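All chains should be modelled from the sequences, with the hints used to inform the complete structure.
The lines below spell out each chain.
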Amino acid sequence: MNLLPWCIYLSLAGALLSLAAGRRSPAAARWVALLTAAAAWAVTLLAAVQFVPGSSLQTLVDLAWIPMLGARYHLAVDGISMTLLVLTGLAATAGVLFSWNIATRTGEFFAFYLALIAGVYGVFLSADALLFFVFYEIAIVPKYFLIAIWGSTNREYGAMKLALYSFAGSAIVLAGLLWVYAAGGGQSFAFGELTRAAATLPPHSQIAVFGLVFFGFATLAGIFPLHTWAPTGHVAAPTGASMLLAGVVMKLGAYGCLRVALPLSPLGFAFWQAPIAWLAVIGIVYAGLVALRQEDLKFVIGYSSVSHMGFVLLGIAAANAGAVSGAVLQMFSHGVIAGLLFAVVGRMLYDRTHTRRLSELRTMPIYRLLPFAAAVFVIAAVASMGLPGFSGFPAELTILIGAWNAAHAWAAVAALGIFIAAAFTLRAVQLGFFGGAREPEAEAPPRGQAGTPHYGPISLPEKTGAVLLVAATVLVGVRPDLLLDWINPALQSPLFQAVLKGGAP
Amino acid sequence: MNPTAYAGLFLALLPEASLAAGALLLLGLDLSLFRHRDPALRLRLALWTGAIAVVAAAVAAWLGPRGSVWGASFSLDNLAVATQVGVLALTLFALGAVRGAPTPRQPAEYVAVMLFAATGLVLMAAAQQLLLVFLSLELASLSLYVIAGFEARRPESTEAALKYFLFGGISAAFLLFGFSLIYGVTGSLELPAIAAKLAGGGATPPFLLALAMVLVAFGFKTAAAPFHLWAPDVYQGAPAPSAALISSASKLAGFVLFTRLLWSAAGAAQAPAWFPTVAAISAASLLLGNLAALAQTNLRRLLAYSAIGHSGAMLLGVMAAGRFGPAPLFYYAFTYGLAVVGAFGVIGVVDRAGGCESIADLAGLHKRSPLLAGCLAVFVLSLAGIPPLAGFFGKLSVFSAALRLGGVAGPAGLLSILAIALSAVALYYYLIVLKQALVAGPVPGARPIKVPFATALALLGSAALIVWFGLDPNQLLGVF
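Chains as they are written, first to last, in the working numbering: chain A, 12 to 516; chain B, 1011 to 1490.
Honestly, the hints are just simulated from the structure, not real lab data.
Computed beta-carbon distance windows for the label pairs:
#1 A:Val60 to B:Ala1474: 38 to 46 Å
#2 A:Tyr20 to B:Leu1019: 47 to 55 Å
#3 B:Leu1467 to A:Asn112: 36 to 44 Å
Computed from a predicted model, the values in this text were never measured in an experiment. Where is the CB? At the ideal position from N, CA and C, for every residue including glycine.
Following this line, the structure appears as structure tokens:
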């Protein structure tokens, strides 16, 4: 367990090493990145094996950091953060495997990539609000460069939009946190202390503070109507980065909502609960409907991410133990599934066919040209639709039950979102991978190539990454209790119990 | 005055003495032995002599006596010594930047004037008596006018010096007038004595007038709106190392000096008299600096407007210094200086390699010199306030102190919220700079840039300090 902070340090060291290795050869940088990402993942898995679920944060490191401000270097872990740490390790390792073909400025790519990962690990381990915020911001800047340098469609626009939305969100969070911190006399940034300080504020200030902190974090979780950075950013990003963005970075926002904002002020939450839940429900349905009309396959997945993250926000807003544990499960599930979808479309498909347009893909029998890609996409699509046997099913089901217990209308409209998700996912599968079926032989090969189009075989790193992600979604789909046994005790902590009510865990 | 008092004074002024001695020595050497040697050698000689003098001064300041010296003319408290060492560190980095920038025509004179400016700034940090305050400020200002206009053949440089001089001269007149009024009201020149006299009564009209005069000079010195008009032209026209010194060391010493004037001389009792004015100046600077920076295409003007915005934030630190001590303000001003001295160091090197005016001149810097691009990223991200770099913790400590002054609804609290909101705006223009340096490819025909050793050392040094003070802010915040 005490090794766990090393996932941060290893990733940072890996960032510097791959920068240095990249000056020698791209291959060296790739291997350094893969080894450090895998080593950091191994650290989290090792800690997960030894992890004893409990209701309190288990402290790993606690040092005085900035005595003048009362900030501490306090790293701790509970079942929620353990779940997300394992997800981060998985997504990071798979992301490196799917970035194997990055050929320009390889060392710098993996340096930014691993710096981002280090920030993500740090956020999930922080037990001090200031430290949390520092790691949260460390994760912002690398995203900009990953997209702006190595991205595709409209990358500079997408990168800037994403960076500004993230930073504006975090500035709002900072304003809210400092407000509470100053109200408490500027003594401590510990979560419990901030909650106590917030309780001393007058009610309207509590409502304002909660709104600032929650919506600041929710921006990064893609809450409607602050979600527009997500599709453009995800589409513009290189494959490994979109896997991380959708897979773990959006979870940073949701995790912030859950860990920092939710316990901050029960009074503020009572005011905002219904608006947040409705925004989440609108996000689920609206993003689903937009996904239904997209022409670019990557945009379909980008909007589907917003829709699925709506479930996470709905689970948090429903605020009963069942819904919140479902929300954490959904974070894990969506992290894996979104990674898989972006991997297939961005790397396996686009790097070979050089198109993501459904109107062009429907003329190609991808299922015969790239059978592995098609098979993986179908699995990911089925998991994404929430079919039993895959991780999406237990996650979305627990959220819906919890939401139903909180307010019937939320669950009813959100359930509509599941049908829409099935529709846009099936449309993507049908048009993207099983096109050309009507006149398979007579179809002209794309891009004027002679004879039957032939694409390079799916490489070993791609296969490995896909197998890892598929295994994870199936494992959690079959045994969701593995994660729920970690998550549920964590929700028994006094901070969460003050806001959570009703619903059996 | 007995001999021991003179000995004590000499020890206390050893930093200033070694700077002045260094300046005179390098002028003498340049004039006698190296007069007809080639300029590169003369520059190297001047820089090394200057660097040794600066380091000697810093050591002397660090190890020198503490407490009040020579009556109450100087006060070498923690803030004074920290400021002296900070100013000298920034001067050292600016000297490193001189090596990489286009070589000045009279290198020895240029470096000597930089040292004289540093002498004035070091004196400013400790001055506790109005006449000494004015003298040290004028010594620093006059030297800075000279190095701003040092490239006399470039009209922009001359224009910069003239504008700087005219604005500076008027503000010096205001300051002197204000000082004479203070003397008239209180009958003393030493800050503690003035504070003692003022502590009894409320603010009288002559004193308020004096305060207004001092604030005008303060606004000019720190480039705060609406006294900022000189800054963009000076930053643009002055040679890069001069701009580096003007924007970093001069700003640090200026903020410390005026914080002393407002808190030690005027005293906490008079704070309500100047709080609203400083709050208004801060708000104007924050808005004008950050919004005008969005429209800039010239890199140096962009840094000037960003400096105006940062001044607005530092004024919050001045307001909070009475209750929470000068640590947040000092941390902010010093780490800001490190970032901006580094940024102008990079500009100087790019300038020598073919000009650095518009932001687009940085295009492909990551290919032309990974070292410069990497250092620039650290400096600019620190200016933007991205953790774990020092700029973030400067903002954090200043804003959290300001928020505790009167809660979020107080003027300082509202300004903190405004400043936090504007930092999201600021990220846009900082990322525009980094986009050219790190994302864009080099223009055809752009060649790799060679960074001289001394400049590389200065850039890496300031970048390392920014990272170090960011990872462990207590190293600076804890010294007070």
